[in-house]
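For the sequence shown, this note's numbering begins at 6 and goes up steadily by one.
Think of the hints as simulated: they come from the structure by calculation, not from any bench. All values derive from a computational prediction rather than experimental measurement. We put the beta carbon where it would ideally sit given N, CA and C, even for glycine. Be a bit skeptical, because a hint or two may be false.
To be verified - With a cut-off of at most 20 angstroms between alpha-carbon atoms, the simulated EDC-like pairs for lysine to aspartate or glutamate come out as follows:
(1) LYS74 <-> ASP56
(2) LYS173 <-> GLU147
(3) LYS226 <-> ASP248
(4) LYS226 <-> GLU243
(5) LYS74 <-> ASP55
(6) LYS156 <-> ASP145
(7) LYS289 <-> ASP306
(8) LYS173 <-> ASP7
(9) LYS289 <-> GLU300
(10) LYS289 <-> ASP248
(11) LYS289 <-> GLU221
(12) LYS173 <-> ASP55
(13) LYS74 <-> GLU47
(14) LYS173 <-> ASP149
Unchecked claim - Here are the simulated distance ranges between beta carbons:
(15) ARG293 <-> GLY54: 35 to 43 angstroms
(16) ARG313 <-> GLU243: 19 to 27 angstroms
(17) ARG67 <-> ARG14: 53 to 61 angstroms
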Amino acid sequence: MDTRELFARIARLPVSAEGLATNMLAGNFRSVFRGQGMEFEEARHYQWGDDAKSIDWNASTRLGTPFVKVYREERELSVMLLLDTSASMHGGITRPWGGVSGGDGASRDLSPYEQALVAAALIAFSAERSGQRTGAFLFDRETDRVFPPRKGRGNVLAFVSAALRYHKPRPVTRPRNLPPEAQGSNVLAAVTAAGRLLKRRSMVVLVSDFLSIGWEQELGKLSRRHDVIAVRVYNPRESDLPDIGLLSAADPETGVRISAPTGSASFREAWALWQSDRADLWRKTCRRAGAAPLELPVTADAAAVLTRFFGNRQGRG
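Build out the structure end to end from the sequences listed, making use of the hints.
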């Protein structure tokens, strides 16, 4: 898909945002946000029936009588999007043979980055429609652009405009002697930066292919303070390699080339099992860190997947 087509698709998203906004952010946040989602308002005398967990022990000790903390619900919460712009987001191992073609011979699949941008923009428009503050990080090895949370469509459009500039993958220019952990996208740095920027409880949506290492512990720290949703964008066709003989493919992050014997049934089975195990490990890692995992195939309708996800979360509130 060229950039003009992608922009046209994104330009239609505000129409789809209303339904998602209803499920995601409208009304009472407590059905979406874990924990209190509250701001301290005052301390008052303890009354029969008050939760003992709300007792303000410092005030009670100082004044010699029990006091409880009273909170008011935060109805304005920020939505922070962390969007991975790295080279691997622009195509995977299926790209060498062009994906699966439609009737006109053109590939029907979006790239992971295109799908990620559509999903991120849809969430941003939905938050804006509900009157929430919206911000974003664009990151690869470093955090390239930061949009602090603000209200209004102008901030959303600035984010989308900047993200569109990363639509086409950039050539790999990293030194060859970098260790593997210093190559590819740096999810750890993005999560750490978001934790430092956000002072109030927020919804953080991390959209990536998660071809990165070392982010698990920091994601757990972020999840303890914020409601974190991890969105893994992937191409399901990469789990089902076709039998095309010896396949030569390049790592989009490092440029390293490999050869895969796709003519071997045992290799294809092992490859599919590895992809399945990797996805399962990612889901377990996210849940262990306290983040809600959401898998978004490039072949899916992003609006439908997101609406169903947030609708289910409200039902569990």
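Check: Holds or violated: are the alpha carbons of LYS173 and ASP149 at most 20 angstroms from each other?
Finding: Answer holds: LYS173 to ASP149 is near 15 angstroms, not above 20 angstroms.
Margin query: So if I understand the rule, the pair passes when the alpha-carbon distance is 20 angstroms or less; does LYS173 with ASP7 pass?
Written below: 9 angstroms, holds
Check: Is it true that the C-beta distance of ARG313 to GLU243 lies inside 19 to 27 angstroms, as the hint says?
Finding: With a Cβ separation near 23 angstroms, ARG313 and GLU243 satisfy 19 to 27 angstroms, so the hint holds.
Check: Taking only the CA atoms, is the gap from LYS74 to ASP55 under or equal to 20 angstroms?
Finding: Cα-Cα ~10 angstroms, so holds.
Checklist line | Hint consistency between LYS173 and GLU147 [alpha-carbon to alpha-carbon, up to 20 angstroms] | finding: 18 angstroms, holds
Next item on the list: Assess, step by step, whether the Cα of LYS74 is no farther than 20 angstroms from the Cα of ASP56, and give holds or violated.
Entry: Holds: LYS74 and ASP56 sit about 10 angstroms apart, inside 20 angstroms.
Next item on the list: Given the hint that LYS74 pairs with GLU47, test it: the Cα-Cα distance must not exceed 20 angstroms.
Entry: 6 angstroms, holds
Next item on the list: Mind checking the hinted window 53 to 61 angstroms against the Cβ distance between ARG67 and ARG14?
Entry: 60 angstroms, holds
Checklist line | Pair hint LYS226 and GLU243, alpha-carbon separation not exceeding 20 angstroms | finding: 32 angstroms, violated
Check: Measuring from beta carbon to beta carbon, are ARG293 and GLY54 in 35 to 43 angstroms?
Finding: Given a distance of about 36 angstroms, which is inside 35 to 43 angstroms, the answer is holds.
Notebook entry, point to check: Has the given pair, LYS289 with GLU221, been kept, meaning a C-alpha gap of at most 20 angstroms?
Noted result: Since the Cα atoms of LYS289 and GLU221 sit roughly 11 angstroms apart, the hinted pair holds (cutoff 20 angstroms).
Check: Holds or violated: are the alpha carbons of LYS289 and ASP306 at most 20 angstroms from each other?
Finding: Violated, at roughly 24 angstroms.
Taken one by one, the earlier hints fail for this structure at numbers 3, 4, 6, 7, 10, 12, listed in ascending order.
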